[in-house]
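A.B. asks: Build the full structure now, drawing on both the sequences and the hints.
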Amino acid sequence: MRLRRSDGSGRLREDHSMTQSQAPRSFSRINRLPPYVFNITAELKMAARRRGEDIIDMSMGNPDGATPAHIVDKLVETAKRPDTHGYSASKGIPRLRRAITKWYKTRYDVEFDPESEAIVTIGSKEGLAHLMLATLDRGDTVLVPNPSYPIHIWGAVIAGADIRSVRMTPGVDFFAELERAIRESYPKPKMMVLGFPSNPTAQCVELEFFERVVALAKLHNILVVHDLAYADITFDGYKAPSIMQVPGAREVAVEFFTMSKSYNMAGWRIGFMVGNKELVSALARIKSYHDYGSFTPVQVAAIAALEGDQSCVSDIVAQYQSRRDVLVKGLLEAGWPVEKPKASMYIWALIPEAYRHLGSLEFAKRLLAEAKVCVSPGIGFGEYGDEYVRFALIENEARIRQGLRGIKAMLRNPESAKAVAAIDAVE
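Take the sequence shown: its position 320, counting from 1, is numbered 386 in our numbering, and each next residue is one higher.
To be clear, the hints were calculated from the coordinates, so they are not data collected in a lab. Check each hint, because a few of them may be wrong.
[Claimed, not checked] Here are the simulated DSSO-like pairs of lysine-lysine, each with C-alpha atoms no more than 27 Å apart in a straight line:
{"id": "1", "residue 1": "K140", "residue 2": "K168"}
{"id": "2", "residue 1": "K408", "residue 2": "K395"}
{"id": "3", "residue 1": "K168", "residue 2": "K343"}
{"id": "4", "residue 1": "K406", "residue 2": "K395"}
{"id": "5", "residue 1": "K171", "residue 2": "K254"}
{"id": "6", "residue 1": "K305", "residue 2": "K284"}
{"id": "7", "residue 1": "K171", "residue 2": "K140"}
{"id": "8", "residue 1": "K305", "residue 2": "K431"}
{"id": "9", "residue 1": "K305", "residue 2": "K171"}
{"id": "10", "residue 1": "K343", "residue 2": "K171"}
{"id": "11", "residue 1": "K395", "residue 2": "K343"}
{"id": "12", "residue 1": "K408", "residue 2": "K305"}
{"id": "13", "residue 1": "K140", "residue 2": "K254"}
{"id": "14", "residue 1": "K395", "residue 2": "K305"}
{"id": "15", "residue 1": "K168", "residue 2": "K305"}
{"id": "16", "residue 1": "K284", "residue 2": "K343"}
{"id": "17", "residue 1": "K474", "residue 2": "K431"}
{"id": "18", "residue 1": "K284", "residue 2": "K254"}
{"id": "19", "residue 1": "K146", "residue 2": "K171"}
{"id": "20", "residue 1": "K408", "residue 2": "K171"}
{"id": "21", "residue 1": "K474", "residue 2": "K395"}
{"id": "22", "residue 1": "K474", "residue 2": "K406"}
{"id": "23", "residue 1": "K408", "residue 2": "K343"}
C.D. replies: Given below as structure tokens:
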């Protein structure tokens with residue numbers, strides 16, 4: 067807005083014409099980001115709820131359970147101390163870093179220096195994004211599985227890097243795809259980002275896979291970033307390995323862990339990274355400019371989580387396993403073939419054949435409208451996910467059964483599939 071004199075009056079009036087300085091601004095990093103697909107289904111879900119509809123929400127992987135009481139108690143106890151309310155250390159308080167390295171020694175028999183090989187993060191998502199910002203340059207190539215957790219992709223894009231998608235779908239030899247991507251990439255990749263057990267696909271690996279990855283990374287001088295968010299959420303005797311168990315892994319790799327899933331601490335925003343000293347130092351340096359670390363009482367509570375009674379983790383895992391079994395059984399009974407995952411808190415479901423041509427976003431919309439169930443469309447995790455939707459095990463068993471009744475009614479209603487075919491015929 068400018069002010070100018072009106073004709074003959076001598077008074078100033080507002081001029082709302084656009085000046086050059088007021089032209090729409092362009093932000094290059096933001097312009098590289100596509101619309102967030104999950105917002106579409108989230109908005110439709112909220113609109114349905116405003117209309118009074120009861121929507122079974124299995125979209126976002128946001129744990130619905132309470133944080134274990136002893137962790138909450140430690141937070142409250144520490145927060146009552148006035149000396150804990152100031153700025154914290156951006157790399158985490160020393161006691162927590164020592165607890166982290168002790169956790170790795172106890173769990174994986176791997177030793178780390180808490181001063182140079184461990185750093186606390188404000189959840190793994192923040193740590194991943196800042197690590198990429200600290201280490202990637204414009205034009206660097208990053209290998210990322212497709213489909214994958216969005217920050218694995220877009221953290222690199224925000225940092226200015228280019229993504230080389232590596233297909234990770236059923237029946238595909240993912241390691242062979244990694245090797246091919248390296249051969250065919252120019253310039254050679256600087257980093258690969260992995261996450262097993264996988265979000266969204268629940269795909270699992272054994273330690274031998276990481277041994278091959280570390281050897282490949284050393285051969286081609288590629289950094290490896292591994293996201294171990296679902297280390298504890300494993301079923302049927304499966305144990306998720308850590309890449310850091312591989313001798314020499316710290317020469318090329320770092321690993322993230324989050325407290326969100328194992329301890330129902332998603333909203334607390336606390337996690338950590340261990341491994342390669344150069345990468346730990348790089349993340350610590352950029353965090354020293356960006357933040358003052360997590361609230362100290364949260365960090366003290368995280369120590370209580372890592373060092374305390376782990377039966378709470380077993381209880382959380384048992385709950386997810388029970389929900390998995392109910393959902394998988396119900397989907398199979400509805401005529402929707404799905405695989406039973408060995409880990410994670412998700413069911414990665416191939417869209418039923420009659421609806422597959424719709425793509426995951428349109429199918430998710432239809433599932434919401436007809437079955438009153440909200441899921442995540444697979445396209446949000448990469449183009450190779452577009453024939454799938456992801457169910458998150460975040461509703462209790464009664465609610466899951468309610469959602470299954472809606473799904474069964476939809477899939478067993480021939481008019482639903484006919485309506486899809488009719489729309490396609492018109493288009």
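A.B. asks: So which of the earlier hints does this model not fit?
C.D. replies: 5, 8, 11, 13, 19, 23
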